[in-house]
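Engineer: Here is how the chains run, residue by residue.
Protein chains: 2
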Amino acid sequence: MFEIDFRFNEPFELESGELLDEVRLRCTIYGKLNADKSNAVLVFHALTGSSRVGDWWNGVLCDGCALDTSELAFVCVNYLGSSYGSTSARSIKKKRRGDLPIVTTRDIVRANALLFEYLGIEKFRAVIGGSVGGMLALQFAVDYPELADEIISIAATPLSAMGLALNHIQRHAVRKGDIELARKIAVVSYKSPRQFDTRFARKPNRNGEDPGIGHEHRFDVGGYLDHHGEAFRERFEIESYELITKAMDLFDLTDVEIRKIRANVSLVGISSDWLFPASDVKSLRDRLVRLGINATYHQIDSDDGHDAFLSDVAEMSRVLREIIDDERKEPARHFFDASKGLELCRGGIRRAA
Amino acid sequence: MFEIDFRFNEPFELESGELLDEVRLRCTIYGKLNADKSNAVLVFHALTGSSRVGDWWNGVLCDGCALDTSELAFVCVNYLGSSYGSTSARSIKKKRRGDLPIVTTRDIVRANALLFEYLGIEKFRAVIGGSVGGMLALQFAVDYPELADEIISIAATPLSAMGLALNHIQRHAVRKGDIELARKIAVVSYKSPRQFDTRFARKPNRNGEDPGIGHEHRFDVGGYLDHHGEAFRERFEIESYELITKAMDLFDLTDVEIRKIRANVSLVGISSDWLFPASDVKSLRDRLVRLGINATYHQIDSDDGHDAFLSDVAEMSRVLREIIDDERKEPARHFFDASKGLELCRGGIRRAA
Numbered sequence: 001m002f003e004i005d006f007r008f009n010e011p012f013e014l015e016s017g018e019l020l021d022e023v024r025l026r027c028t029i030y031g032k033l034n035a036d037k038s039n040a041v042l043v044f045h046a047l048t049g050s051s052r053v054g055d056w057w058n059g060v061l062c063d064g065c066a067l068d069t070s071e072l073a074f075v076c077v078n079y080l081g082s083s084y085g086s087t088s089a090r091s092i093k094k095k096r097r098g099d100l101p102i103v104t105t106r107d108i109v110r111a112n113a114l115l116f117e118y119l120g121i122e123k124f125r126a127v128i129g130g131s132v133g134g135m136l137a138l139q140f141a142v143d144y145p146e147l148a149d150e151i152i153s154i155a156a157t158p159l160s161a162m163g164l165a166l167n168h169i170q171r172h173a174v175r176k177g178d179i180e181l182a183r184k185i186a187v188v189s190y191k192s193p194r195q196f197d198t199r200f201a202r203k204p205n206r207n208g209e210d211p212g213i214g215h216e217h218r219f220d221v222g223g224y225l226d227h228h229g230e231a232f233r234e235r236f237e238i239e240s241y242e243l244i245t246k247a248m249d250l251f252d253l254t255d256v257e258i259r260k261i262r263a264n265v266s267l268v269g270i271s272s273d274w275l276f277p278a279s280d281v282k283s284l285r286d287r288l289v290r291l292g293i294n295a296t297y298h299q300i301d302s303d304d305g306h307d308a309f310l311s312d313v314a315e316m317s318r319v320l321r322e323i324i325d326d327e328r329k330e331p332a333r334h335f336f337d338a339s340k341g342l343e344l345c346r347g348g349i350r351r352a353a
Numbered sequence: 001m002f003e004i005d006f007r008f009n010e011p012f013e014l015e016s017g018e019l020l021d022e023v024r025l026r027c028t029i030y031g032k033l034n035a036d037k038s039n040a041v042l043v044f045h046a047l048t049g050s051s052r053v054g055d056w057w058n059g060v061l062c063d064g065c066a067l068d069t070s071e072l073a074f075v076c077v078n079y080l081g082s083s084y085g086s087t088s089a090r091s092i093k094k095k096r097r098g099d100l101p102i103v104t105t106r107d108i109v110r111a112n113a114l115l116f117e118y119l120g121i122e123k124f125r126a127v128i129g130g131s132v133g134g135m136l137a138l139q140f141a142v143d144y145p146e147l148a149d150e151i152i153s154i155a156a157t158p159l160s161a162m163g164l165a166l167n168h169i170q171r172h173a174v175r176k177g178d179i180e181l182a183r184k185i186a187v188v189s190y191k192s193p194r195q196f197d198t199r200f201a202r203k204p205n206r207n208g209e210d211p212g213i214g215h216e217h218r219f220d221v222g223g224y225l226d227h228h229g230e231a232f233r234e235r236f237e238i239e240s241y242e243l244i245t246k247a248m249d250l251f252d253l254t255d256v257e258i259r260k261i262r263a264n265v266s267l268v269g270i271s272s273d274w275l276f277p278a279s280d281v282k283s284l285r286d287r288l289v290r291l292g293i294n295a296t297y298h299q300i301d302s303d304d305g306h307d308a309f310l311s312d313v314a315e316m317s318r319v320l321r322e323i324i325d326d327e328r329k330e331p332a333r334h335f336f337d338a339s340k341g342l343e344l345c346r347g348g349i350r351r352a353a
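Protein chains in written order, with the working numbering: chain A, 1 to 353; chain B, 1 to 353.
Careful: at least some of the hints might be erroneous.
One copy or two, it doesn't matter: identical chains are merged, so the pair holds either way.
[Claimed, not checked] Below, computed lysine-lysine pairings styled on DSS-like, alpha-carbon distance capped at 27 Å: (1) Lys37 - Lys282; (2) Lys329 - Lys94; (3) Lys94 - Lys260; (4) Lys37 - Lys95; (5) Lys176 - Lys37; (6) Lys203 - Lys260; (7) Lys329 - Lys32.
Everything labelled a hint here was simulated from the structure, so no lab data went into it.
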């Protein structure tokens, strides 16, 4: 694994028309890019993830794993707006005296694309992501149709009204300065009722509290959520939360956009996901097929809810192998048009000093 | 409809052993109690409801409705701890210099029972409630087995770990003084994804906001939730929220308790409820049957989520008629033992001045 910090010292124009005076991006690469750079796979992380795929996809990405670093090179870029090494929402807001511009999934994908010329990658074997990462994989397929053979989008669709509602109330908490509560709401939406019942049932908090004797005494699930809230406050910036959840909200695909896709698209639903229900993922697959895209549906059968793509390593790996094996049998219909590959890297590209 | 304010000027001992120096209770009665008081039905309201059943069960309770006020007299008592006319959590806390005792479903049911001697009711034809009201109907069946022939408990079970988690994060908001956010989290848990999609989809807020142009611009579902939060702040006390959600948390039934039930029990699940999933209601029915209780399961088929018992008047009415018709065919196995009826009314009972 190696890590590169890029700094683009030229203005980056957001979709909104607003300008960022520079863009810093942290990129992590697992595995070895081969001589012609034809073994690259692009990975998009989720809302609170970093470019260190090996940290959050431990067991899914490794030598001999479903995402096999002995064969392929996995490239992941921390999002524009995230706070794990790239230009963070907090730094943007500070420079603009408190004004936080809207950053869209198109902006994030385009910021990623800035790197590819530098890295010498003309095309990705696949583009993979879960949750927001899955949205970004689809956004990439639309915006850079020639740059990937295969898209694997896991547990992602444009947000439903329930998803919009959950983001809305999380931002309500965030604006009150309470990122812990935002995280707790999010964690509840990432898990399934059955999973919680199996794990916590109605047990009192494991530290010995007794819910029956006082208002401050918690059930085990309450202690678990509080722990997650506190840990999150230490590791994530409130401005990034606001920026990325807004990007999630705005992600949507028109029919015209979908028709631009040239890659094969594998959509993965999770049986117990209620934030991005499997039925919504299936409906999106049907829509893609109606619009002429080569799209397939795969399913993670797990009680782990939305988080299953991270936590249920066995099922996630099984589904990834299923998709990869399918692809080996029937490669992408569309092939790379090299003449278009490098148009993407707009603006000057300079290596970080 | 008429309303009575009671004040019990003797100490009321809570299950915790703590004493309240008085108990005020507001009681609303719809329909006319007959001469021998044998046509009374007890109704328990939900978390934020009042004793005015006609307000929140409009269309379900009226002359000629499924709950027919031309035949029966419906009695509803505002909970001990609620703030719609009874001794409120705020008033309790104030008297105790900031200390809020735990009030349980047993305490609430026992406070209700204080009234029956005064009202001259020796037995209820039925005891009905939804959500927390359904928990209380079951609690009543356990604590006063001789006082009702029929129990109808709608969308209620002991809280699952997910339910406990949702109450926990709502109280996190409440303790920060943010009852609006608590309400928004609750509203999300009371609705179904399909219902939200049908009603709001990804539409921008109806007041003309455009989510794409600014962080403050909302989707329609966001505007809806904000409206509910604001309206709730005006109408509900934060201390009552804390007290009653804690009572919900603690509601649970041991096998020994369930075996005390003598009434027929009709449990009603809602197909799209994810706070109290229909499968959990069915499991509770199975458990009751295994423990020798005459329990049946009925289902509201609705996209309205947990709230369907309030909002889907047609389905709620259909199911209530189904239960009532069944009961007419096969009346309760257990009959009232008049000698025990009045033991319940512990403590002195005095009419409000």
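Engineer: Against this structure, judge whether each hint is valid.
Structural biologist: How the hints compare with the structure:
{"no.": "1", "hint": "Lys37 - Lys282", "result": "neither (34 Å within a copy, 57 Å between copies)"}
{"no.": "2", "hint": "Lys329 - Lys94", "result": "neither (51 Å within a copy, 73 Å between copies)"}
{"no.": "3", "hint": "Lys94 - Lys260", "result": "neither (37 Å within a copy, 65 Å between copies)"}
{"no.": "4", "hint": "Lys37 - Lys95", "result": "neither (37 Å within a copy, 74 Å between copies)"}
{"no.": "5", "hint": "Lys176 - Lys37", "result": "neither (47 Å within a copy, 53 Å between copies)"}
{"no.": "6", "hint": "Lys203 - Lys260", "result": "between (52 Å within a copy, 24 Å between copies)"}
{"no.": "7", "hint": "Lys329 - Lys32", "result": "within (25 Å within a copy, 76 Å between copies)"}
Checked against the numbered hints above, the structure breaks hints 1, 2, 3, 4, 5 and satisfies the rest.
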